[in-house]
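Participant: Sequence:
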Amino acid sequence: MTQSLNRLVERQIQKALAEGQLSGLSGEGKPLPDRSGEAFTDMATAVASRIMAEAGALPEEFKLKKLLEAAKESYREAEGEDAKRVAMALIADLEQRYNIAVEARRRFMAP
1 MTQSLNRLVE RQIQKALAEG QLSGLSGEGK PLPDRSGEAF TDMATAVASR
51 IMAEAGALPE EFKLKKLLEA AKESYREAEG EDAKRVAMAL IADLEQRYNI
101 AVEARRRFMA P
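Last residue of the sequence shown: 111 (my numbering), numbering continuous.
Just so you know, the hints here were simulated from the structure itself, not pulled from any lab data.
Since no wrong hints were added, every one of them can be taken at face value.
Label-pair restraints from in silico Cβ distances:
1) 107 / 2: 34 to 44 Å
2) 45 / 22: 20 to 30 Å
3) 24 / 95: 43 to 53 Å
4) 107 / 35: 16 to 26 Å
Ideal Cβ placement from N, Cα and C applies to all residues, glycine included.
Model the full structure from these sequences, guided by the hints.
Facilitator: Below, the structure is given as structure tokens:
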């Protein structure tokens, strides 16, 4: 079964190549994008996230994650106890909002 499927797929690829259907595609001649972050994500979530990112519509959790990284950097650079306290409060708020967004997506995407 596997060999016959492999032969079928290979024939279809060769046919598409012969007809020129695989030339001029976006990304042709470029290395594949690094998607190692998707290794531990289910396929549906990875595909949905990629489609939204390509359309410029990032999910709320991605935006919050970027803000969280920036807040952590500002905490590392903060001088004085008051500045660190303010930065830590911002980090706590962003972490809570991020976790809520992740849980909402998981519940929405659950079967």
